[in-house]
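*Asks:* With the hints as a guide, dock the two chains, each given alone in a separate frame, to form the complex.
Sequence lines, in order, name chains L and V. According to the numbering used here, the first sequence is numbered sequentially starting from 3. According to the numbering used here, the second sequence is numbered sequentially starting from 15.
It should be emphasised that the hints constitute simulated quantities derived from the structure, not laboratory data. Backbone N, C-alpha and C define an ideal beta-carbon position, used for all residues, glycine too. Take these hints with a grain of salt, some might be off.
To be verified - To be clear about the criterion: a stretch of chain L counts as covered by chain V if any three or more of its residues have a C-beta under 8 Å from a C-beta of chain V, and this derived list gives those stretches: (1) 43-49; (2) 65-74; (3) 90-100.
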Amino acid sequence: GAGVSQSPSNKVTEKGKDVELRCDPISGHTALYWYRQSLGQGLEFLIYFQGNSAPDKSGLPSDRFSAERTGGSVSTLTIQRTQQEDSAVYLCASSLYLGGRETQYFGPGTRLLVL
Amino acid sequence: AQKITQTQPGMFVQEKEAVTLDCTYDTSDPSYGLFWYKQPSSGEMIFLIYQGSYDQQNATEGRYSLNFQKARKSANLVISASQLGDSAMYFCAMRADNQGGKLIFGQGTELSVKP
Chain L
3 GAGVSQSPSN KVTEKGKDVE LRCDPISGHT ALYWYRQSLG QGLEFLIYFQ GNSAPDKSGL
63 PSDRFSAERT GGSVSTLTIQ RTQQEDSAVY LCASSLYLGG RETQYFGPGT RLLVL
Chain V
15 AQKITQTQPG MFVQEKEAVT LDCTYDTSDP SYGLFWYKQP SSGEMIFLIY QGSYDQQNAT
75 EGRYSLNFQK ARKSANLVIS ASQLGDSAMY FCAMRADNQG GKLIFGQGTE LSVKP
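The shape of chain V in the complex, shown without the other chains (with noise of 0.2 Å):
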């Protein structure tokens, strides 16, 4: 079975610092993909970054960065110079390419960051 963990339900950090945000996950498919969706008091789910189970290098987007490490089955997003605008729910998600093109989520974590 297929499971996404977050093991941070809150997080703060201050504006312009770093924030990681932690993601495990559990598949036996050797082919995958995770994701990152920001979630504001909106509503709406903003993807932010993909990385592939066989890419050979960390995605990055912007401010925002993935530590991948496929041995310990972690996918940590890592948000850069943080901002006001980063408040929002972070959810982590996972698609095995065997089970077709559903995203399973995990609980999220509630990043705030303080002025």
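Bound-form chain L, shown alone (with noise of 0.2 Å):
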């Protein structure tokens, strides 16, 4: 079965514009998350969608960051008026459900880089 994808694979923005980042989990799968990761500070949690709940949207390092997830399914994480420091991998991953032992399966990530 298809595991999660992402897209572009790979943007160059400048800095200031705004980029749209996709993630299309596996299907069925209710939770989704989204993770960034940059040299120097790992790995680091953004956000989080669990069914029709309210996400958990408290990794979300400024409101130039936001994310949707349409359908409970297909999201986008949005990053308004791009910075340098926003360069990074961004990797989505999804789970079968919220807790317990579930795993979650990532995406190859979408690696970003504003000039």
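*Replies:* Put into structure tokens, the structure is as follows:
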């Protein structure tokens, strides 16, 4: 079966521009997560969605970051007015449900470079 | 606050030998799960093994085993019979059941397997 997919795989943008990153989770997975992996910061949690519950946005670094999940499936992470410190690999993961022994399966990531 | 510590930035092991990657954690939540992921140079995050805080037995998955010492708050990964394909970054992660679904990651250990 298909795994988690993300697009684009690479994105180069200019400082101040907005970008949208897309994640398609594994079919049937109710939970979806976004993480960021940057040099010197390791992997950090950004946001997760679980079914129809309100998302946990506690990891979003600023109000320039937002995410939505439409129809309980595809998710889009939007970064407004990008800054050079936003350059990182953005990883999406999904799991069948939240918590317990559930494993999060990761996508290949989107490499974002802000010039 | 939750924290994962991996004190070995880099490790070398001879092919066919066993290697232990260290992970210590800190949490005040009584119920939590510990995960190990492998990240090859291709960038994908591959789930390896899971240990629940109430599990009585140490987890094993093929050549991977987890040396779980709850009182010491350590969850070391043991890879037996190392293979060249094991060369990668290895991340320890924790999810506290009272904190929702987010994973907290350590900084990672880069493992190099020598022929």
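*Asks:* Residue count check for the region 65-74 of chain L against chain V: does it reach three with CB-CB under 8 Å?
*Replies:* violated (count 0)
*Asks:* Three residues or more, CB to CB closer than 8 Å: is that satisfied between the region 90-100 of chain L and chain V?
*Replies:* Our answer is that it holds, as 5 residues pass the Cβ test (under 8 Å) against chain V, meeting three.
*Asks:* Check whether three or more residues of the region 43-49 of chain L sit with their beta carbon closer than 8 Å to a beta carbon of chain V.
*Replies:* Result for this restraint: holds, n = 4.
Comparing the model with each numbered hint stated earlier shows that hint 2 is the single one that does not hold.
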